[in-house]
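S.K.: Sequence:
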Amino acid sequence: MSRFETLREAKLKQLGQVGPLVAASLCRRDVRCGNPHCRCASGAKHTSWCLTLKRQGKTHTVHVPRDMVEEVRQWVKEHRRTKQLLAQISENSLQIIRRHVTARRAAARGSAS
Numbered sequence: 003m004s005r006f007e008t009l010r011e012a013k014l015k016q017l018g019q020v021g022p023l024v025a026a027s028l029c030r031r032d033v034r035c036g037n038p039h040c041r042c043a044s045g046a047k048h049t050s051w052c053l054t055l056k057r058q059g060k061t062h063t064v065h066v067p068r069d070m071v072e073e074v075r076q077w078v079k080e081h082r083r084t085k086q087l088l089a090q091i092s093e094n095s096l097q098i099i100r101r102h103v104t105a106r107r108a109a110a111r112g113s114a115s
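Residue numbering for the sequence shown follows the working numbering, starting at 3 and increasing by one per position.
Be aware that a few hints might be false.
[As the list claims (entries may be wrong)] Estimated spans, in silico, between C-beta atoms of each pair: (1) Ala-25 <-> Ser-95: 18 to 24 angstroms; (2) Gly-45 <-> Glu-11: 52 to 58 angstroms; (3) Ala-43 <-> Gln-97: 55 to 61 angstroms; (4) Gln-58 <-> Lys-85: 16 to 22 angstroms; (5) His-102 <-> Asp-69: 47 to 53 angstroms; (6) Lys-60 <-> Val-103: 39 to 45 angstroms; (7) Ala-89 <-> Gln-58: 33 to 39 angstroms; (8) Glu-11 <-> Arg-34: 51 to 57 angstroms; (9) Val-20 <-> Val-103: 30 to 36 angstroms; (10) Ser-4 <-> Met-70: 40 to 46 angstroms; (11) Lys-85 <-> Thr-63: 16 to 22 angstroms; (12) Leu-23 <-> Val-103: 31 to 37 angstroms; (13) Ser-92 <-> Arg-34: 22 to 28 angstroms.
I should point out that these hints are in silico values taken from the structure, not numbers from a laboratory. C-beta atoms are modelled at their ideal positions from N, C-alpha and C, and glycine is treated no differently.
Can you build the whole structure from these sequences, using the hints too?
M.R.: Okay, structure coming up:
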């Protein structure tokens, strides 16, 4: 097994350990509620959290309850990690193909002489 195949197998194992994930960005928003008598009208704004994501080319937002923010933050991190793993697996697979082609060409040149 080549070095690239070993790397790919290791990354595939890591991919098997993927937890919950979400393909989105977690955003914090500080907003005014609109009530002229609320504290946010003249001072500290209300904080809300949302996920921003793309679906069929359109941007969507989903409200995230305050008690879920840390959990959702981990899901976003897990998506990024998984995306990086997939890119590495893909690159390793391309290297395997390139090495195979190079080896076949070298073998063909050697047998043609």
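S.K.: Quick check: which numbered hints come out false for this structure?
M.R.: When the structure is compared with the hints, numbers 7 and 13 turn out to be violated.
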